[in-house]
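For this one, chain Y is given, so just place chain A on it according to the hints.
Protein chains in written order, with this note's numbering: chain Y, 1 to 255; chain A, 1 to 456.
Honestly, the hints are just simulated from the structure, not real lab data.
Model, not experiment: these values are computed from the prediction.
Take the hints with a grain of salt, since some may be wrong.
Covered, in the sense of this in silico footprint (three residues per stretch, anywhere, with C-beta under 8 angstroms from a C-beta of chain Y), are these stretches of chain A [what the hints assert, rightly or not]:
1. 90-99
2. 382-393
Here are the simulated lysine-lysine pairs, BS3-like style, with alpha carbons at most 27 angstroms apart [claimed, not checked]:
3. A:Lys-362 to Y:Lys-229
4. A:Lys-338 to A:Lys-362
5. Y:Lys-103 to Y:Lys-229
6. A:Lys-227 to A:Lys-237
7. A:Lys-281 to A:Lys-338
8. Y:Lys-241 to A:Lys-338
Here are some, though not all, of the chain A residues that point toward chain Y, as calculated from beta-carbon distances under 7 angstroms [said to hold, decoys possible]:
9. Thr-27
10. Glu-29
11. Leu-263
12. Thr-282
13. Gly-401
14. Arg-414
15. Thr-423
16. Gln-426
Glycine is no exception: its CB is placed at the ideal position from the N, C-alpha and C atoms.
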Amino acid sequence: MSDHKEPVGANPDQDVNANNLPGQRGDAGEVIGTRRGMFGANNGGDTTGYGGLVRTVRLPGASSRPYGGPDGAAGYGVFDEIADELEGALDEQGLLPENAIEKTVVDRRELTFHIAREHLPRVARTLRDDPALRFELCTGVSGVHFPGDKGRELHAVYHLRSITHNRLIRLEVSAPDADPHVPSIVDVYPTNDWHEREVYDFFGLIFDGHPALTRIMMPDDWQGFPQRKDYPLGGIPVEYKGAQIPAPDQRRSYS
Amino acid sequence: MSTSHAHPTSGPAPGAAEPPPSQPRETTEGTVYTVTGGDWDEVAAAAARSDDERIIVNMGPQHPSTHGVLRLILEIDGETVTEARCGIGYLHTGIEKNLEYRTWTQGTTFVTRMDYLTSFYNEAAYCLAVEKLLGIEDHIPDRASVIRVLLMELNRLSSHLVCIATGGMELGATTVMVYGFRDREMILDAYELITGLRMNHAFIRPGGLAQDLPPGAVEQLRELLKKLRKNLPEYDKLATGNPVFKGRTVGIGYLDLAGCMALGVTGPVLRSAGLPHDLRKTQPYCGYENYEFDVPTVDTCDAYGRFLIRVEEMHQSLRIVEQCLDRLEPGPVMVGDKKIAWPAQLALGPDGLGNSLDHIKKIMGTSMEALIHHFKLVTEGFRVPPGQAYAAVESPKGELGVHAVSDGGTRPYRVHFRDPSFTNLQAMAAMCEGGQVADVIVAVASLDPVMGGVDR
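So here's chain Y without its partners, still in its complex pose (with noise of 0.2 angstroms):
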């Protein structure tokens, strides 16, 4: 987060003094949509005059040496080591580190390796096994859709633990949503098992190599998945004192 003008994990909305106007707030950063209005009404006219703003909503991006530490501090620190680590044991394997690692995001003192999803095994492998790193625990995979970063809709974000040395980081890969597969790695931490079913109930994610791949939560003939942000939450309305109420989904609201 080097780049970013605002110190690590700071709330932007706390301090007057932050470039936090609409419009402006984080130039830099990964474009996931955009947001019209000022108020972020997404049902029913915009009546506050502000309905012409438009403005990127950006994910943090990425960030450069040194990584820092879990504790904040600025300078080399165990975030550096984890990646030197990372890095060194891709390279004594004949893979190179920047073909695996997309990028590195140190965001609220926090993590994230973004994998190129066809090398993600050999990394959780990696972090698995080499003694440096030793990432002994995974939990579990998290699917987040983002219909607005274009050829890369679709995300699986994975948290790994490691016992060993006290360490906590996030893997992310990501597949276009005409291509969702993303390699399995149920054989490097069987517990995914489960938690990648749950991604492809849920999201349609494809985990090429698991054993059974088939919906956990949903019924068996269950069309579409529900989590996408595309699929509608539902829902029917409520006569209230007389007034109609509708559905959670089809309320105005300010987001």
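Leaving out everything else, chain A in the frame of chain Y:
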């Protein structure tokens, strides 16, 4: 669930000259056969013709000993379980999806209902994630953190009590069940005193707490501690040395450290394999580094060891609660930032609990800006800077992780709960296969899954 397609005895034996049991139907998931209108006599006759003794039993989803709507699909050979699989999803309520349509604060009302026996942990993990996204972890008032720890540890007691009580009931030890629910009820009374509700509190909020402790709470909690301290040894007396209890639990539900790590199992199950891994010690949150407590372990890897650990953890929780009561200092329970903190604390009025009259007087009588602020914050909510965060707490069942993603809006973009029950339940097959049918119950009980958390 994959086994449900391949029941060997649910239709006529292959190759028999009988009409096909059903018409295949192509779906996105592959070919699906729906068996309807079959004659039970034919099915039974086909099963009788097959020469092996393999039977597939669906235990649940409606079965008193499967901890809620858990479906266990057991392939049994006589009394031996040769293959075991779980069918889950019967309690899926789409909470994660629903969160995306409410404000960040309203989210606590949803997450508290996930694993309904560990409400405070769900709320705390969620709020820690939101606070991390907001960057206000260091601004949470001490009093709020102490009360969070206090509630979480009481919650550990009540959750373990339910685990031991229902586990005992499943073994036929109804006295353990009655004692467990008796003690849990006293803790729920304390919740009711503090939050107003026995379950589903929505009390821990992003930035702090919904309310301060009511007057007299500390004294009542001390009374409660006294009672619990007297009652807790009863579980030892009832079960620990009991030969019947030991006969049912020793060596049952075996899962060693390698198995735990591979399957991502955490909590008492991992500690029963001898690894003292506890996030309260390794990655302290809410100020856990300031409390004195021990992390009990055993190396038996079985259901009996997990029982011992749970009992000892309850004693340790009592210790922590006591330290919390000693550490309570007067002060605010909500972060100072008025753009995040709820505008007013509730107060008791002539018509019950509601916004305090002073606050109403201020926003309705003297300050238009305060009224606008109140209205905006309550209806629209606060904005959270874009990014993602992961916060984990040590729930009674293991690592409860929250992955929260914000797109800068007033609502969560995505919240994922890594529920320990969900992950631990995967170990069911490893614990049960090769054992007896009756031991499946013990093994599942020692995992302590709560389907509200598994299915979310």
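Has the region 90-99 of chain A got at least three residues whose CB is nearer than 8 angstroms to a CB belonging to chain Y? The restraint on the region 90-99 of chain A holds, since 5 of its residues have a Cβ under 8 angstroms from chain Y and three suffice.
Once the shortest beta carbon distance from A:Gly-401 to chain Y is found, is it less than 7 angstroms? Holds, because the Cβ-Cβ distance from A:Gly-401 to chain Y comes to roughly 5 angstroms (cut-off 7 angstroms).
Are A:Gln-426 and chain Y close enough, Cβ to Cβ, to be under 7 angstroms, as the hint says? Constraint on A:Gln-426 satisfied, holds at 5 angstroms.
Any CB of chain Y closer than 7 angstroms to the CB of A:Glu-29? holds (6 angstroms)
Can the restraint linking A:Lys-227 and A:Lys-237 be considered satisfied, given a maximum Cα separation of 27 angstroms? Distance ~16 angstroms between A:Lys-227 and A:Lys-237 Cα, so the pair holds.
Regarding the pair A:Lys-338 and A:Lys-362, is the alpha-carbon distance no greater than 27 angstroms? It holds: about 15 angstroms lies between the C-alpha atoms, which stays within 27 angstroms.
Does A:Leu-263 pass the interface hint, meaning its C-beta sits closer than 7 angstroms to a C-beta of chain Y? With Cβ-Cβ at 5 angstroms, under 7 angstroms, it holds.
Go through the hint on A:Thr-423 and say holds or violated, using the shortest Cβ distance to chain Y against 7 angstroms. holds (6 angstroms)
Does Y:Lys-229 lie within 27 angstroms of A:Lys-362 when you go C-alpha to C-alpha? Not OK: A:Lys-362 and Y:Lys-229 at ~41 angstroms, beyond 27 angstroms, violated.
Mind checking, does the region 382-393 of chain A have 3 or more residues with a CB under 8 angstroms from chain Y? Three-residue rule met by the region 382-393 of chain A, so holds; n is 9.
What's the verdict on Y:Lys-103 and Y:Lys-229, does the C-alpha distance respect the 27 angstroms limit or exceed it? Between Y:Lys-103 and Y:Lys-229 the Cα gap is close to 25 angstroms, so the pair holds against 27 angstroms.
Are A:Lys-281 and A:Lys-338 close enough, with their CA atoms no more than 27 angstroms apart? violated (33 angstroms)
Violated hints, in rising order: 3, 7, 8; the structure is consistent with all others.
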